[in-house]
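Undergrad: Protein chains in written order, with this note's numbering: chain D, 1 to 193; chain L, 1 to 367; chain P, 1 to 596.
Hint data in this document are derived by calculation from the structure and do not stem from the laboratory.
You may find that some hints are simply not true.
To be verified - Restraint-style ranges between C-beta atoms, simulated for each label pair:
| no. | chain 1 | residue 1 | chain 2 | residue 2 | range |
| --- | --- | --- | --- | --- | --- |
| 1 | D | Val99 | L | Pro295 | 27 to 35 Å |
| 2 | P | Ala32 | L | Lys276 | 31 to 39 Å |
| 3 | L | Lys276 | D | Glu166 | 52 to 60 Å |
| 4 | L | Glu88 | P | Glu63 | 55 to 63 Å |
| 5 | L | Glu88 | P | Thr573 | 46 to 54 Å |
| 6 | D | Gln124 | L | Gly297 | 27 to 35 Å |
| 7 | D | Ser94 | L | Arg52 | 23 to 31 Å |
| 8 | D | Glu166 | P | Asn268 | 47 to 55 Å |
| 9 | D | Ser94 | P | Lys351 | 20 to 28 Å |
Unchecked claim - Straight-line distance between alpha carbons at most 25 Å, and here's what the computed BS3-like set of lysine-lysine pairs gives:
| no. | chain 1 | residue 1 | chain 2 | residue 2 |
| --- | --- | --- | --- | --- |
| 10 | P | Lys365 | P | Lys76 |
| 11 | D | Lys84 | L | Lys206 |
| 12 | D | Lys188 | P | Lys273 |
Where a beta carbon is used, it is the ideal one built from N, C-alpha and C, also for glycine.
Each chain is listed here by its residues.
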Amino acid sequence: MSENKLNKEQLLLDLLKKKFILNESAVRRAKRVEVKVDPKEIIPVLLYAKENSRYISFAHMSCVDWIEDGEFEVVYILWNPEDKINLFVKTRISRDNGVLPNIDFIWRQANTYEREIREMFGIQFEGLVGRQEFILEDWEHMPPMRRDFDTAEFVKKTYFKRPGREDAKDVREFVQERTDEELPDFAKKYSRD
Amino acid sequence: MREKTTTLYLGPQHPGITGNMMVKLQVQGDTVVKAETHVGYLHRGFEKLMERRNWLQSFTIVCRICVPEPDPNEENYSRAVEEIEGREVPERAKYIRVMTLELARIATYLLWYGGQSGSAGLYTMGQWSVGDRNYILDLFEDLTGGRIYHMYIWPGGVRRDLPKGFKDKALRTMDYIEKRLDDYDKLLFENSIFQKRAKGVGIIDKKKAVEWGVVGPPLRGCGIKSDVRIDDPYEVYDKLDFEVPAMEGGDVWTRALIRRFEIRQSINLVRQALDKMPGGEYYNKIPNPHKWTIPAGDAFVKTESARGEFGYYMVSDGGNKPRRVHVKGPAYVHGVSLLENLLEGENIADVSFIMNSLGTCPPEIER
Amino acid sequence: MAFFDLKGLLSPVTGLKQFGKKPHTIMFPDVAEHASDRYRGLHFNKLEDCIGCGNCSTICMNEAIDMIQIAGYEGKKGDSGLRPRVDNGRCCWCALCVEVCPTGSLNLTKDYIFVTPDANDFLWTPGIDNKEKGEENISFYSDKETSLSDYSRVPMRELDGDVRIQSFAEAVLGYNEEEARKEASRCISCGLCTESCPDHMHIPEYINAIARENDEDALRIIYDNNPLPEMCGKVCTRRCEDVCAMTHRGDAIAIRWLKRYATETAKNAEIIKEIVNPEIKEANGKKISIIGAGPSGLTAGYYLALRGFDVTIYEAKAKAGGMTFYGIPKYRLPAESLEKQVGYMQSIGVKINFNTRVGKDIDFKEIYNNSDAVFMGVGFEKPWTLGITGEDLNGSLQAVTYLDVINGGGDMEIGDKVAVIGGGNVAIDAARVARRKGADVTIVYRRRVEDMPADWEEIEGAEDEGVHIMPQGIPIEVIGDKNGKVTGLKFARAEMIPDPDGGRPRPKQIEGSEEIMEVTSVIGAIGQEGDYSFIPDDMKNQIKIERGRFVVDENKQTTLPKLFAGGDSANRTADAISAIADGFRAVKAIEKMLMK
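Starting from the given sequences, assemble the full structure and let the hints guide the process.
TA: Laid out in structure tokens, this is it:
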């Protein structure tokens, strides 16, 4: 990809850089531009992109749980139907009591995304109107898309195992028993899972 | 005259043919005054499941997000993995993928014929088109070993090369379907019942459509030429010759016409892909799946499915399992906020008719 | 639109023309729908080809596959004896199990109709429950090309043959990091190899640690039951690789080279100690003597020292390592490498008394009486002779003697044309050493090349270096001149007679095929035996010795309770890793005996 071809992308980036404090930004590839901002900058950046840069279409919104960092990363993906560019606006908030501004007055359908993220990750959006329950009904555990929600554990507690498969053997353990191999505990994390 | 408002629950058992969801309608007489969609009957937690499965295992899950057209999911999953990992895909595989995707599009449109006409009470059409869809499924069976869930497009290419005699059989099937489309026209599009039901119903405002993120045939039915295959070409679509129809109107009828044109485009694309397909490798083999790790990074990939733009946002933390796979199906927008808005003021009998024309598909709303 | 839209009313009626046409549907079950050649239907497993590696079970994302014991399939080396059972209620027919099956025994079939009123029937064992129906209907399979197993080994870089013969520099260069990660990532972690390893090393775990870029953990896992891993990483007979799941359709994982890679990351004894950082138990006051600082003795010494025993090793020679030092040429196992490993052992408290030959410099009985237990790892020092005329001539020598002298730093006159007799690793070693000394070397072996017990890599290495191999040659006589100096080898050609009992074919001399090869020396390499003269006769009577080996039980205990034995003088496999295994097992038994 030659430099020329990324002109539009670079232009957008320069514009945003001039206007806002960006934590990090890059032209990822053709048709993909990424900026990272603080949560309080979200609405100004999105509004600017929509009103001034023709990023009129709201393509996607997603959330990633970075439990190691104690943060959620929320990404807004916008689409400019004229320049054919996807703009990623990323922001990070704390996992505990993180709050984001509601943006469904900019794009109506963001409401759906926000409802889902609220339900699945437990992020609150200031002023979001919409039924609490979206996909999950009568859910009483922690928001399930959080990394610390262990599905295997949940299944074990919630359902019983169908009888008839107790005779299954682990190949590695089976051969170990046959040979009296003693595997030290610290090595077990490298065994096949 | 003031009428009493009644609450009507449509679904969750397959309203029309769109899948298990429920639309809670407030009706006055025959007119809907307020609609509220309730999903959650098909939530299988695929995105969560993928957190516990390795990169290859997850590939077998994604096709289940959409029954009528699983292939865009496989395509998106594979392309996202390839983009993060930087894995090259052989040219031949790209053509095979395009062919598979277009076959899937034809199959989906044939199923849509059934759904759309069925919700208007025209059942013969559905019998025909779903029967003819089986010939496409036969092709898939030959190609992939499965009729509905193909699990064929996977990271690095496709799973198997074309079997012997596939090209001839595919071309024969295309000829057959093309011929049948004329019969369909007579039965559906020239049918005054259908015309009367479809025209002027479920109108989407053009300006709203773009802002709201409407995609696929509903957007093109508002006169906006927008198609991922052209706007953000993937695989080899930029090397193929095809046209994306767009028509002003925004109602069920326009959307139906768009699909009627597109199915012909897809038949043409299948022929082109088969014709231009180069020889060589069909697969850039992945390493041992148990120890396959993908460098940290993220990607947002899009595929034009029969119902519009299908997006995948994928994040890798450098491990052997996906950190996050977020599926954005076209129905996510069509099926919740747009549908609620659109149904207001419509006739009860038109609810599932409109849902079918939007391509509402609950499994991709809740995944 | 007019109210009467004539076209709109009539067009649909044209659908009536379909009446009378042949229907597209079929009459089931009179006409069965025929599945395609690639159909993904019910599983079928060729039970004889299956090795029970369980790869299908681990890749299954629905947890539909269990590995179970089946009557009639006993486990053996390279086969766990378990076979997959599929829960068809969970299966989604993605066929990943087929794609990852290393042997290709698991397939899907065209058969897809399975109706039962009992849900438990969905649990069935492919290959047993559809024995006939399955085999005929195989449709979805994986061959070498489509399989997701990576069958090609990362090639090992080595010096070229003509460079190698210039010096005793190490011929094999070892994997670099990238190569090691790539090779390690081929492993499917089934662990079948561990059964074949006499020492049952934790192979899948340390390979996985390498694949996950944690070389230090790999080293720690390796040191759990092998204190001479670098030696093994260079010269092990690697029985593990013989049974690797990948061998069924491709190259075994280079287990030996990966171990070598992991051990070479620790450059010296201090670093090994730092990484392994073993827990050394407090001294328990028990005294253990070990005779012979070969692999078995060193192993016993290391693990006994870790367990708090007071260990002294008596070694007749100046260097530790036994046959691995004096028998294996330095281009395979450099002296520094062995010294590094022995140095590490000494650093954790193993005492080695060099140049102390038991029976000569110190009395065996004295050692025995002053110790709580004695371990003998004395090896086979005495070479067998060929038993043909002329073997006492000047220039006729034994390979172990020759290697011993060269490895000890000395030299021995062999002339410029050498015949080596034998087909084992010792023969190849002697030949390649003689080649490095500038001689033209021919290996004379009774059977065919493929029958040679030597490592195939060693045979290839010898050929690369210009060693001639003459298979099916039976030596008859060593010929000398009037000064008693070797001038030639008389040998005969052999033909291979198939063994009626199904064993390997036997060589039979072809009448009248005798030839004489002009040589300056003949090196015999057909085997060694033990020399137990250091044990006083009155004690020897109490120790059971059979066919030249101490008789030991599974704890490596001889018929004298305090006396243990391991290595070549106690097992029949005659390799370093078995010696290490013996040493390790004896440690456990000694600890049990003394510390209860």
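Undergrad: Each of the hints needs a verdict: does it hold here or not?
TA: How the hints compare with the structure:
{"no.": "1", "hint": "D:Val99 x L:Pro295: 27 to 35 Å", "in the structure": "holds, 32 Å"}
{"no.": "2", "hint": "P:Ala32 x L:Lys276: 31 to 39 Å", "in the structure": "holds, 37 Å"}
{"no.": "3", "hint": "L:Lys276 x D:Glu166: 52 to 60 Å", "in the structure": "holds, 55 Å"}
{"no.": "4", "hint": "L:Glu88 x P:Glu63: 55 to 63 Å", "in the structure": "violated, 33 Å"}
{"no.": "5", "hint": "L:Glu88 x P:Thr573: 46 to 54 Å", "in the structure": "holds, 47 Å"}
{"no.": "6", "hint": "D:Gln124 x L:Gly297: 27 to 35 Å", "in the structure": "holds, 29 Å"}
{"no.": "7", "hint": "D:Ser94 x L:Arg52: 23 to 31 Å", "in the structure": "holds, 25 Å"}
{"no.": "8", "hint": "D:Glu166 x P:Asn268: 47 to 55 Å", "in the structure": "holds, 51 Å"}
{"no.": "9", "hint": "D:Ser94 x P:Lys351: 20 to 28 Å", "in the structure": "violated, 59 Å"}
{"no.": "10", "hint": "P:Lys365 x P:Lys76", "in the structure": "violated, 42 Å"}
{"no.": "11", "hint": "D:Lys84 x L:Lys206", "in the structure": "holds, 19 Å"}
{"no.": "12", "hint": "D:Lys188 x P:Lys273", "in the structure": "holds, 22 Å"}
Violated hints, in rising order: 4, 9 and 10; the structure is consistent with all others.
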